[in-house]
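Here is how the chains run, residue by residue.
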Amino acid sequence: MCGRCEREQIEMKRLLTVIVVAAALITLPFWAGDQYQLHIAALIGAYWVLIAGLNLVVGFSGQLSVGHVGLLAIGAYAFAIIAGTHGIDPWLALAASGGIGALCGFLLGLPSLRLPGFYFAMATLAFALIVTELVLAFEGLTGGGVGLSVPSFPAPFDTSEGNYWLILGMAALVTWLTWNVARLMWGRGLIAVRDSVVTAQAVGVPVLHAKLAAFVFSGLTAGLGGALFAVIQSYITPDTFLFELGMFFFVCIIIGGRGSIIGPFLGTVVLTALPELSAPLAKLGNFFYGLLLLLVVLLLPEGIGRLFQIVLERLRPRRVESVPIAPQPERLAAAIKVGQR
Amino acid sequence: MLSALIAGLATGALYAAAALVYNVMFSTSKVLSVTTGHTAMLGGVFGAWFMQAFGLPVPVALLGSIGVGALFGLLTDFVAIRRVLSRSDEHLWLLSTLALATMVQQAIALWWGTEPKPFPRVIAQDFGAGLLDQKYWLPVIVAIALAVGLELFYRRTLYGKLFVAMSEDIFAARARGIPTDRIRMLSYVMAGAMGGLAGFAAGQLTFAYFALGLTLTLNGFIALAVGGLGSNLGALVGGAALGILSSIATYYVGGEFQQTISVGLLMVVLLLKPEGLFGTRNVRPV
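Protein chains in written order, with numbering that gives the first Met the number 0: chain C, 0 to 340; chain W, 0 to 285.
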């Protein structure tokens with residue numbers, strides 16, 4: 000069999016998998032057991048909108064932001080205030096919360112991305128705390144500790160199925176965008192920044208520019224994710240956006256594996272669904288996330304995805320074609336002749 | 000106004016102690032551990048538990064707190080530092096210490112409860128002492144004593160000189176025959192004991208509260224970055240400045256903007272003098 004047909008076959012298989020998964024996700028409202036499972040699926044989707052963007056920052060460019068919950072809160076409150084308090088069209092409000100998220104990402108990233116690793120992590124942690132503090136301080140705007148109720152999208156997206164499909168569409172769009180960034184030059188540049196800043200600079204990657212672009216994009220998705228999250232919750236208070244939620248996003252990416260998209264996605268699904276399925280895990284909460292993070296960091300720094308790869312290679316070893324290297328004196332002589340001419 | 004100043008100074012002393020804990024761990028391993036604040040939290044919680052549940056006398060409870068802190072320091076080195084430092088990947092220590100800190104905080108929340116619980120009196124004193132109350136001066140005395148003790152330790156003892164040697168150049172230290180792994184372990188135990196002591200001393204100010212750890216990790220770091228990484232004098236000055244500034248701001252503006260103001264201080268210092276007030280300038284890595 001020729002190499003090209005084999006590659007085509009693999010691509011066909013991949014396309015088929017994507018179609019099957021997409022069909023399963025689209026028809027989920029019909030085969031899901033009850034409304035609660037649908038709610039969890041929608042929640043995973045809203046989280047994923049944020050995590051997909053955050054993945055470019057944490058997984059690709061290696062900037063350990065633990066405070067994206069602050070940007071999520073900003074998006075959620077922006078949506079609730081614009082669409083709820085002022086009664087402006089929810090679609091405009093969705094766009095606006097994305098824009099505000101991007102703007103806040105820019106304002107946060109511009110000073111803090113210049114800082115080295117630990118300083119940056121602390122700056123984002125402080126940012127998350129500041130957002131909670133300001134939400135409580137500007138009571139007139141945000142309702143303070145009492146919170147705000149959030150309007151839903153207009154028909155046909157006002158039912159839980161419609162809302163799910165909307166979130167699914169957004170998640171697919173964001174995934175496609177991040178995939179485009181990740182596999183092309185930008186993604187390579189970001190990985191270079193993660194692995195060695197000095198090398199990246201030396202080969203001409205605009206380090207701060209690249210990091211900032213990824214961070215602003217993650218702010219945009221965090222704003223969008225926040226708006227979707229607020230609609231799912233239908234009522235938001237500062238207690239919805241605890242720092243632990245930011246930790247959770249971060250852990251999803253690290254556990255899934257840095258530098259891939261499917262890994263963090265699986266991480267998000269598993270880590271959101273697991274505590275819902277088993278009560279003891281929900282009680283342990285952060286202890287469980289911390290333990291998982293510790294185990295992954297100590298045993299599998301490349302993420303759980305690496306484990307699957309290892310198992311797969313054990314089960315179906317990659318065929319390595321052996322190409323014999325034999326001296327070919329006649330070709331050498333011809334080449335020398337050409338060179339002499 | 001005076002009461003705000005004094006309360007700020009006391010909180011600032013706790014931040015300074017956290018910054019000193021950072022310094023000790025940083026000197027031997029170049030790691031800024033997220034567990035820093037949690038050592039002090041453990042000191043406070045276990046101190047209160049020893050005294051209330053078992054009715055232990057204060058000195059025994061104090062020793063117990065220091066012991067718990069030291070054990071936690073040892074655990075940090077064992078679990079989160081040792082394996083990670085042997086890898087070349089940078090910043091993995093940030094993840095591992097963050098994971099450990101999260102686990103400890105959640106474990107204490109489950110066991111001790113999420114409400115702040117009162118810390119018993121350490122020294123017999125009337126509650127009407129006002130601004131001369133022990134909860135204000137105990138942390139200050141402990142922070143100053145820790146800083147002075149550390150300076151003496153670095154200058155006068157052989158082990159202190161080993162710490163300094165390792166903070167200068169870890170490979171050169173190993174080439175000179177210093178057992179760097181063991182010294183690092185010692186530094187973590189020491190840092191944990193210091194944190195436990197500080198948490199015990201500040202217990203009446205902060206209460207025995209599980210969420211103290213993360214706040215202290217952040218504010219201690221701000222104090223450290225303002226004062227200058229690696230400098231003990233800087234840690235004291237940075238902590239005092241941060242505590243007083245945020246409590247005066249609370250006095251005038253109200254408590255809503257406390258965190259915002261302390262981070263504002265950090266940003267201003269990092270913009271004007273990135274190495275901090277008493278720090279040494281970093282050399283570029285090329």
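Treat the hints with caution; some may be incorrect.
[Stated by the list, open to error] Between beta-carbon pairs, the in silico distance windows are:
1. C/TRP90 - W/ALA108: 18 to 28 Å
2. C/VAL202 - W/GLY159: 40 to 50 Å
3. W/ALA210 - C/THR158: 49 to 59 Å
4. W/LEU74 - C/THR198: 52 to 62 Å
5. W/SER2 - C/ALA94: 16 to 26 Å
[To be verified] A short list of chain W residues far from chain C (calculated; beta carbon distances all over 10 Å):
6. LEU94
7. LEU232
8. VAL262
Bear in mind the hints are in silico, worked out from the structure with no lab data behind them.
Backbone N, C-alpha and C fix where the C-beta goes; we use that ideal spot for every residue, glycine too.
Tested hints:
no. : hint                            : in the structure
1   : C/TRP90 - W/ALA108: 18 to 28 Å  : violated, 41 Å
2   : C/VAL202 - W/GLY159: 40 to 50 Å : holds, 44 Å
3   : W/ALA210 - C/THR158: 49 to 59 Å : violated, 39 Å
4   : W/LEU74 - C/THR198: 52 to 62 Å  : violated, 36 Å
5   : W/SER2 - C/ALA94: 16 to 26 Å    : violated, 49 Å
6   : LEU94                           : violated, 5 Å
7   : LEU232                          : holds, 21 Å
8   : VAL262                          : violated, 4 Å
Violated hints, in rising order: 1, 3, 4, 5, 6 and 8; the structure is consistent with all others.
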